[in-house]
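Protein chains in written order, with the working numbering: chain A, 1 to 236; chain B, 1 to 119.
You may find that some hints are simply not true.
[To be verified] Cβ-Cβ distance ranges computed for the label pairs, FRET-style: (1) 64(A) <-> 78(B): 47 to 55 angstroms; (2) 78(B) <-> 227(A): 50 to 58 angstroms; (3) 30(A) <-> 82(B): 27 to 35 angstroms; (4) 70(B) <-> 234(A): 40 to 48 angstroms; (5) 205(A) <-> 85(B): 37 to 45 angstroms; (6) 56(A) <-> 31(B): 38 to 46 angstroms; (7) 22(B) <-> 64(A): 41 to 49 angstroms; (8) 183(A) <-> 4(B): 39 to 47 angstroms; (9) 78(B) <-> 141(A): 37 to 45 angstroms; (10) 93(A) <-> 34(B): 40 to 48 angstroms; (11) 180(A) <-> 3(B): 44 to 52 angstroms.
[Unchecked claim] Which residues of chain A face chain B? A few of them, derived with a C-beta cut under 8 angstroms, are: (12) 72; (13) 90; (14) 230; (15) 234.
[What the hints assert, rightly or not] Residues from chain B that keep clear of chain A, each with C-beta distances beyond 10 angstroms, as calculated: (16) 2; (17) 17; (18) 26; (19) 36; (20) 54; (21) 82; (22) 95.
Source of the hints: derived by calculation from the structure; they are not laboratory data.
Beta carbons are placed, not taken as given, at the ideal position from N, Cα and C, and that holds for glycine.
Read off the chains here:
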Amino acid sequence: MPSARDAAPRRVPRLGIVIPARNEAQRIATVLGSVPERIDGITERLVIVVDDGSTDDTAEVARSHGVLAVRHVVNLGKGAALTTGCLAALDAGCDIIAVMDADGQHEAGDLPRLVDPVRLDRADLAIGVRPLSGQMPAAMRLGNWGLSTAFRLLFGLRVSDTQCGLRAFRAALYPRIQWHANDYSVETEMLIRATRAQLRIAQVEVGTVYHDRYKGTTVGDGVKIFGDMLRFAISR
Amino acid sequence: MTGIQLITIAVALLMLFITYSALRRHELRPYEYVTWSAIWLALLFVSVFPDLLRGIIGPLHVIRLLDLVTIVGLLVMGVLVFSLNRALRRLDDRLTAIVRTIALERPKGDEPTPPGPPA
Numbered sequence: 001m002p003s004a005r006d007a008a009p010r011r012v013p014r015l016g017i018v019i020p021a022r023n024e025a026q027r028i029a030t031v032l033g034s035v036p037e038r039i040d041g042i043t044e045r046l047v048i049v050v051d052d053g054s055t056d057d058t059a060e061v062a063r064s065h066g067v068l069a070v071r072h073v074v075n076l077g078k079g080a081a082l083t084t085g086c087l088a089a090l091d092a093g094c095d096i097i098a099v100m101d102a103d104g105q106h107e108a109g110d111l112p113r114l115v116d117p118v119r120l121d122r123a124d125l126a127i128g129v130r131p132l133s134g135q136m137p138a139a140m141r142l143g144n145w146g147l148s149t150a151f152r153l154l155f156g157l158r159v160s161d162t163q164c165g166l167r168a169f170r171a172a173l174y175p176r177i178q179w180h181a182n183d184y185s186v187e188t189e190m191l192i193r194a195t196r197a198q199l200r201i202a203q204v205e206v207g208t209v210y211h212d213r214y215k216g217t218t219v220g221d222g223v224k225i226f227g228d229m230l231r232f233a234i235s236r
Numbered sequence: 001m002t003g004i005q006l007i008t009i010a011v012a013l014l015m016l017f018i019t020y021s022a023l024r025r026h027e028l029r030p031y032e033y034v035t036w037s038a039i040w041l042a043l044l045f046v047s048v049f050p051d052l053l054r055g056i057i058g059p060l061h062v063i064r065l066l067d068l069v070t071i072v073g074l075l076v077m078g079v080l081v082f083s084l085n086r087a088l089r090r091l092d093d094r095l096t097a098i099v100r101t102i103a104l105e106r107p108k109g110d111e112p113t114p115p116g117p118p119a
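Just chain A, with the same shape it has in the complex (with noise of 0.2 angstroms):
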């Protein structure tokens, strides 16, 4: 695994490009089929689709768009999926990784604009931020708000969107932010790691596509990440 003192991103780096999925044979060919095939600055790019656990085609249906699907035998959650994802990335020496949804919701078109801080050494870890009005139900509005709050007031770093899964960080950095979480807290923990660590966060604001069939976090989710969070700020 490398260190962070091999953390210099390379002039051409390559990106890998990490979506977990879980029963998402309908959508995941739009969603990479939305993948951007060249990005300003990256080299080569590499799609992993994790997976995780699937009773359908999803992994197979990945496979036939020609990218590397990785597959839990069993659901592990969403955050052991972004693990094993990047630990893929890793393994095929990949110096960005980036990781977004495969629900369709995130849209692949801003992964350049939310690569380019980490590819120019503006920033180690660039997270996505979703606007708080528009398309975004009233319920997660107010969620997304709290939890961002809480964040806050917790850990002194104001970010906008603590939720949104459309993030890249420098693939040498992941030791640093590795998190434990398995599942939707993962981002959170994510960004708690990285606060601690003293890395630059950088937030680029992104479009988000609301489905009528909605997969994601729940209210119970959402109290588990601020308990979470809770346990982070004691344990400092």
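Start from chain A and add chain B according to the hints.
Only chain B this time, still in chain A's reference frame:
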């Protein structure tokens, strides 16, 4: 014999039967069977002969014997929940490691995406 005694006796007898059935189905190891059976027999004994234990509730400042049984039961339950939580966490970690190892062992022919065009 009070109503609560009868209920406790019934529960203890039922659990003895369930524990024995679990042993027969190989769902329990012998030492687990002995441990659980001892717990149910102790509960049965306390329910049938509550007066034999009256001597110990005074020094413990417990008014009724059943209160003592309830308190001890809660303590035992706390220990069990804690132990189960630890065991489950260990099991979860092992499962995650196994599933991840299997996932990362790429099947033959499942090669990564060919390199994209240069920037």
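So, going through the hints one by one against the coordinates:
Checked against the hint of 47 to 55 angstroms, the C-beta distance between residue 64(A) and residue 78(B) comes to roughly 52 angstroms, which is consistent with it. Against the hinted window of 50 to 58 angstroms, the Cβ-Cβ separation of residue 78(B) and residue 227(A) comes to about 21 angstroms, which falls outside the hint. Between residue 30(A) and residue 82(B) the CB atoms are about 47 angstroms apart, so this pair departs from the stated range of 27 to 35 angstroms. For residue 70(B) and residue 234(A), the hinted distance range of 40 to 48 angstroms is not satisfied, since their beta carbons lie about 32 angstroms from each other.
Separation of residue 205(A) from residue 85(B) is about 41 angstroms and conforms to the stated range, judged on CB atoms against 37 to 45 angstroms. For residue 56(A) paired with residue 31(B), a C-beta distance near 44 angstroms keeps the hint of 38 to 46 angstroms intact. The hinted range of 41 to 49 angstroms is satisfied by residue 22(B) and residue 64(A), whose Cβ atoms lie roughly 47 angstroms apart. Between residue 183(A) and residue 4(B), the C-beta spacing of about 42 angstroms keeps the proposed range 39 to 47 angstroms intact.
Distance hint check for residue 78(B) and residue 141(A): the Cβ-Cβ separation is about 40 angstroms, which falls inside the suggested range of 37 to 45 angstroms. Take residue 93(A) and residue 34(B): their Cβ atoms lie about 56 angstroms apart, and the range 40 to 48 angstroms is violated. At about 49 angstroms, the beta-carbon gap between residue 180(A) and residue 3(B) stays in the expected band of 44 to 52 angstroms. Restraint check, residue 72(A) versus chain B: the minimum CB separation of about 5 angstroms is within 8 angstroms; hint holds.
Hint on residue 90(A) is violated. Least Cβ distance to chain B is approximately 11 angstroms, over the 8 angstroms limit. A hinted interface residue such as residue 230(A) counts as satisfied when its beta carbon comes closer than 8 angstroms to some beta carbon of chain B; here the least separation is about 19 angstroms, so the hint is violated. With a least beta-carbon distance of about 19 angstroms to chain B, the hint placing residue 234(A) at the interface is violated under the 8 angstroms criterion. At roughly 42 angstroms from the closest C-beta of chain A, the C-beta of residue 2(B) stays outside 10 angstroms, upholding its exclusion from the interface.
With a least CB separation of 34 angstroms from chain A, residue 17(B) remains clear of the 10 angstroms interface cut-off, as annotated. Every CB of chain A lies more than 10 angstroms from the CB of residue 26(B), the least distance being 24 angstroms, so the non-interface label holds. Every CB of chain A lies more than 10 angstroms from the CB of residue 36(B), the least distance being 30 angstroms, so the non-interface label holds. Distance check for residue 54(B) against chain A: the nearest CB is about 45 angstroms away, which clears 10 angstroms, and the non-interface claim stands.
Even its closest Cβ contact with chain A, about 17 angstroms, leaves residue 82(B) beyond 10 angstroms, as expected for a residue assigned away from the interface. Consistency note on residue 95(B): stated as away from chain A, yet its beta-carbon is not over 10 angstroms from all of that chain's, at 7 angstroms minimum.
Violation of the numbered hints given earlier is confined to hints 2, 3, 4, 10, 13, 14, 15 and 22; the remaining hints are satisfied by the structure.
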